[in-house]
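Colleague: Residues per chain, in single letters:
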Amino acid sequence: MKYHLLRILVATCVALFSGIVSANDSVKSAMSNSGNWAIWGGDYAGTRYSELDQINATNVKDLQVAWTFSTGVLRGHEGGPLVIDGTMYVHTPFPNKVFSVNIEDQTINWVYEPKQDPDTIPVMCCDTVSRGVAYADGKVFLQQADTNLVALDAKTGKKIWSVKNGDPKKGSTNTNAPIVIKDKVFTGISGGEFGVRGFLAAYNINDGSLAWKCFSTGPDDEMCVDPQNTTDRGTPIGPDSSLKTWEGDQWKIGGGTTWGWYTYDEETNLVFYGTGNPSTWNPVVRPGDNKWSMTIFARDADTGMAKWVYQMTPHDEWDYDGVNEMILADIEVGGAMRKTLVHFDRNGFAYTLDRVTGELLVAEKYDPAVNWASHVDMETGRPVVVAKYSTDQNGEDVNTENVCPAALGTKDQQPAAFSPKTNLFYVPTNHVCMDYEPFQVEYVAGQPYVGATLSMFPAGRVTGDGTDHLGNFIAWDAAKGEIKWSVPEKFSVWSGALATAGDIVFYGTLDGHLKAVDADTGEQLYSFKTPSGIIGNVNTYTQNGKQYITVLSGVGGWAGIGMAAGLEGDTDGLGAVGAYKQLGKYTQLGGVLSVFALPN
Amino acid sequence: MSVKKNIIVRGLTGSLCLFFSFITLPVASADENAATAYKDHIQCVEGEACKIDLYLTRGYRAFSQCQVCHGLDANGSSFAPSLNDKLKEIDKELFVERVSYGFTGQVGVMPPWIENPNVMKYIDNLYDYLKARSDGAIPGGKLKRYDR
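Note that the protein sequences, when read in sequence, are chains V and L. Number 123 in my numbering belongs to position 123 of the first sequence; there are no gaps in the numbering. Number 80 in my numbering belongs to position 80 of the second sequence; there are no gaps in the numbering.
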């Protein structure tokens, strides 16, 4: 009897222990093989850097299409496929299909197509995008638009479990790619324009049960913050840090959603992500800093407890969501090697922080057009807002003109890349400004909750430099806070970048070109017109020792809206309005994966 | 005219128009008047951008709820049609019906707005604003007010 009990106990412990370890190990081992692309960012740090160098600055000009794959879905294709040990997992926008493809012969192993309520579609503010799946422990994790998080058997595509992460009837949806750390899968929530209260949730990968859920706003315990031990640039945040910065119960419908990318640092066991805009877009009705919207969170991956926070845009007045990716890189700042977190915010500032302590090291504009704040005060960590661009100070029913960047941000979700070879970050950017007029709106659950009118136009109209392009692809020195080089693009660059050991950087354009540029100079080395505009990320993998480059084309997303900026033939522009053409003249809808290789 | 009444009228005119075509005539002429109602809310001076009043400004504000799909200038996006084109095809009655109860298109799905006071309170303003845009009477984007 005793022996039996002991045996059960041991067996349980082994099962539990091996479960935890193998889940973690499966991701790590898949990532450690540079022939795989096992996680959205290529690695937990989100560098989007590959050690592969067969395709390099000398031979990339010879790149050819090896094979293509149609997803059969029309709307905007963000994110990119994973490749793990000979199998590719391709995801699509709503209805969120997942294809398992054998890369050897390009046959389809299985297709998963969830049945989702079409009523989900109209509550997705900016197209029905999905940014991809996660893989761990023989499972593929898909975060569906209808907020169901599902675990699929990677071999068969059969659903193992499913858990509801929100309520689309109240405006909650999902677009993000989940990530897996140890025995948990992490996901967030979208719906800031519907007054949805943001959170990060961790579910157990074995059965989908909720491990913890930590909100962006509200009481301390619901936010998983410790007034004494959670710090803001080294200082304890104190009790009720969020509640004090909202009027009344506004925080309950106050946004701070979490639809961006998540990264992880194994050494500190911290998971990093940003929170979105406070609701509504009318800042006048929500006095205070509105914490912790627009904030970088560093949370313990086991418990969710926040170690540090940093709010980039207190009391947002321009819709500068803070959700963009947090890239973890070890670089020399001010003569010392630092464990940094580098973040290119919608608000136009690039932040370099110490990822262990949350200390702010560098905060500089990564587009010279940025004008809403003169600089970030390094003592207080706060942006110094220029009064004439403050939509709050100008007030309701007043049109605040020529604010840069536009609500699209200097960069939106499209993730940047970091090369440890050049120590540079490669950043896809928007070069768009706006007029913004806040006004009173009424809140109704499940209804959009915008509260501002907006018009957008090329930044050149504000800077007066005679340019009319809407995007730039830049190389950024995060230690100095300086642009190394900048390549203008006709349209916003809405595609995730890839840097490789071959001294090249890849990105896609809205008019549908996959481009490769020299990592040191930005000189264009290759360009190929894919079937549709690119808002997906460029990834790479090997098959039988040969390097391939992949990208999803399929125009859409909020980029499609930004595209319309300045396209109309109005007369108050730069005299170069003729240079603008409708996006439709360059590209049409339709999801296609293109896979590139050098000729044999 | 209430939305429900609109739909009943549509149903009636649709099924009975062959027999009671006279019913449709007054509706059509009422539509014609409605279609150009925006003219009373726009002032244009030669060489300057046209200005609008509070009435059309409210229409523009209601339109801010539509911008994330139909584009900042109502020119459409990759998943929602140009309203500048669409308002050349549909009359006010059908416009109100679609805004109220939603619409499933070939690519996109429009939500019903009937529960949203930020749109429904200003549905007349919204229609007149978009009709003025569609007819080319005013450009897209923020316009100056002449009544303050």
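By construction, these hints were calculated from the structure, which means they are not laboratory data. Wrong hints could be hidden among the right ones.
As the list claims (entries may be wrong) - Not the full set, but computed from the structure, chain V residues with beta-carbon under 8 Å of chain L:
hint, residue
1, Gly395
2, Asn399
3, Gln447
To be verified - Some chain V residues well away from chain L (every beta-carbon gap over 10 Å; in silico):
hint, residue
4, Met31
5, Asn56
6, Asn102
7, Asp221
8, Thr231
9, Met337
10, Lys529
11, Leu589
In this text, all values refer to a predicted model and were calculated from it rather than measured experimentally. Backbone N, C-alpha and C fix where the C-beta goes; we use that ideal spot for every residue, glycine too.
Colleague: State for each hint whether it applies.
Modeller: Each hint tested on the structure:
1. Taken as an interface hint, Gly395 (chain V) does not check out: its beta carbon lies about 14 Å from the nearest beta carbon of chain L, beyond 8 Å.
2. Annotation: Asn399 (chain V) was flagged as interfacial toward chain L, and the flag holds, the nearest CB pair being 5 Å apart, inside 8 Å.
3. The beta carbon of Gln447 (chain V) comes within 4 Å of a beta carbon in chain L, closer than 8 Å, and the hint placing it at the interface holds.
4. Non-interface call for Met31 (chain V) relative to chain L: holds, since the shortest CB-CB distance, roughly 33 Å, exceeds 10 Å.
5. With a least CB separation of 35 Å from chain L, Asn56 (chain V) remains clear of the 10 Å interface cut-off, as annotated.
6. Every CB of chain L lies more than 10 Å from the CB of Asn102 (chain V), the least distance being 31 Å, so the non-interface label holds.
7. Distance to chain L confirms Asp221 (chain V) as a non-interface residue, since its nearest Cβ pair spans about 33 Å, more than 10 Å.
8. Separation of Thr231 (chain V) from chain L is adequate, the least Cβ-Cβ distance of about 36 Å exceeding the 10 Å criterion.
9. Every Cβ of chain L is farther than 10 Å from the Cβ of Met337 (chain V); the closest lies at roughly 43 Å, confirming the non-interface assignment.
10. Under the 10 Å C-beta cut-off, the non-interface status given to Lys529 (chain V) relative to chain L holds; the minimum distance is some 18 Å.
11. Its beta-carbon lying about 6 Å from the closest one in chain L, Leu589 (chain V) breaks the requirement of being farther than 10 Å from that chain.
When the structure is compared with the earlier hints, violations turn up for hints 1, 11 and for no others.
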